[in-house]
Amino acid sequence: MTTTRNRRSQPNARTLCVALSVALAGTAAAAPANGPVARAVPTPHQQEFRGFGGAFVPAAATTALTPSRAAAVRSVTSLADSGAGSLREALVTAVDGDVIDLGGLQGRITLSSALEPAAAVTIAGPGSDALVIDAGGHDRVIATSHSLTLSKVALVNGKAPAPAGAGIAVGGCLYIEGDLQLTNATISGCSVGDAETGGAYGGAVAVSGAAYLKYSTIADSHATAFGAAGGGGLAVAEGPLVAVHSTISGNGVSQVVPPPAAPAHPLGLASRAIGGGAATFGSAPAYFVFSDVTGNSVDAAGSGSDGMALGGGAFGSGKTVSYFSTIAGNTLSAGDTVHGAGFYMSAYAPPAPGASRPFALPALVGGTATHAVVLSTIASNHATSTAGTATGGGVFSAAPLGIQGSALRDNTVESACTALCLTAGGAIVGRSAVTLMASSVTGNSATVTGTGSLYGATGGGIANYYAQPLVIVGSTVSGNTVTATPSRGGGVAASEVEIHNSTIAFNSATTGGGGLVLYGDGVSTNMVLSSTIVAGNTASGDPASADVLGNHAPPAAVTGSNDIVIAHSQIALPGDTLAQDPLLEPLAYNGGPTLNHALGTGSPAIDTGVNSGALSTDQRGFGRTVGANPDIGAYERDDDRIFFDRFEYL
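In terms of mature numbering (1 follows the signal peptide of the UniProt record, and there is no 0), the sequence shown is residues -30 to -1, 1 to 620.
It should be emphasised that the hints constitute simulated quantities derived from the structure, not laboratory data. There's no promise every hint is true.
As the list claims (entries may be wrong) - As a list, the in silico SDA-like pairs of lysine to any residue whose alpha-carbon atoms are at most 25 Å apart:
1) 122 x 137
2) 184 x 78
3) 122 x 53
4) 122 x 76
5) 122 x 164
6) 184 x 166
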């Protein structure tokens, strides 16, 4: 019997999901209670949020006050903006721990100015489709120096007050200097900043502390500035940011042309726009669990030729994790540099061993991953530069990255550069170690539309450079392209690389190395191909290197065994490498959660591979060895199989 399961409805994925469930429970339990919070002195990144606008004292300097009465449940009975029974009246007289009950209301509360809770409270409504709190586009909805818990209500049309001079505007609908917990809430149609604003953060929400989202939506909000801007939907200073079963969608960050005689940006970050959907700062971690980050954008084209755009979907300054989530349809555009249309994952100093963490994720392959993409889809994200470097259509990672059981498809990077620039990594760019396991990288592209680009395009699927190790295990890289003069590595471009039990097929490049280009000095570079298929790729400028090109001198030697590689140039392959058509079937799921190529009847890959990594399953989750030996490539053929558990590979 064959079983099929919906990706979003799966309650557990063996050890990994159990660990996440425990961690989530621990995180929720550890979330600060509604009360004053002691905090360290803000870092420069955090200071971007705290105190700007002069509305509140930074939380680090807040002194806890003794409540004048015990906390209570206080019912709001009026939709009026103020007066007896109103929400404003309840918040002004609140004490720490109060629950402000809006459950008896239906309709809309239209505000004349921002609500300013006098204490850390819980605001509980009847449902986000039943009660709307509307700021009318002339102020925030809520601004507070305390923590806030908000549930079952919709907040709309907030706009942060304009800062003085070229100052910074923060938090379009919510500005929280404590911690924020959202449950079954919707925040949309908010904005922060404009063409005369020096810096803008948190189009919908700016949080100085931690942000916990559960079954909530942050949508259609925007941050705009002529200087630095970040977090079109959500900006989090200290963190963590934890989004569970939530949606961050349709938000944007825009960097515009400075007004005449504009003063210098106070933070000296005038060329950076980050995090169309969400941005974290100061090494704050971010976790996206069963969540969607879709249709967000960062546009720095208005800042001219020096504009830089990072993280169309999300910008993570600390550990960034996507688990069972979808990162799709996000965009980047700038006059100069664009990195990470889906995710931009920063380099940062990890916590010391034994330090408290909100999640205890089990180690991925090698156990060294700092960032992680697990059981997720990263698709149709696009990065475009008019004159500079464009990399990482799906993910850009500057720290070790582990990807497992995920699909990266139809992402693009494109540049009209005509000089010194690089277009690389349609799906993935790593400036540190990258491990890809039981995943598919398909239909991605890197393109240079201008003429005269010195470096051209490389790594239509994956580009890992700066001599950082790339490890691919039990995965498929197919149908990716690089288009430029020059262009190399339609599927993969790397120097330190190990590829085991994988399939790299039907990728294309213009200059050479349609499937795989290996950079290096030919001596110190580590290159391993083991039980891997590299076939069916094309290189119009150099058909002899259609599958593998060694782009270095002297030619390097690849170690490993039991491979199928047909066309190769400037590289020495293992002596037992086969040069026969592997008879690959078209891309299909073949019973698994990610795309792969089945082996046709009579394929020379059947029963001729090795399993040097002692893998228990193939890419799909089926048994790795059927017959005398494992098959070469990511797929194990078994004509008799009648049962499948898609989580076998975890």
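Original post:
For which of the previously enumerated hints does the structure constitute a violation, in increasing order of number?
Top reply: Result: hints 1, 5 and 6 break, sorted rising.
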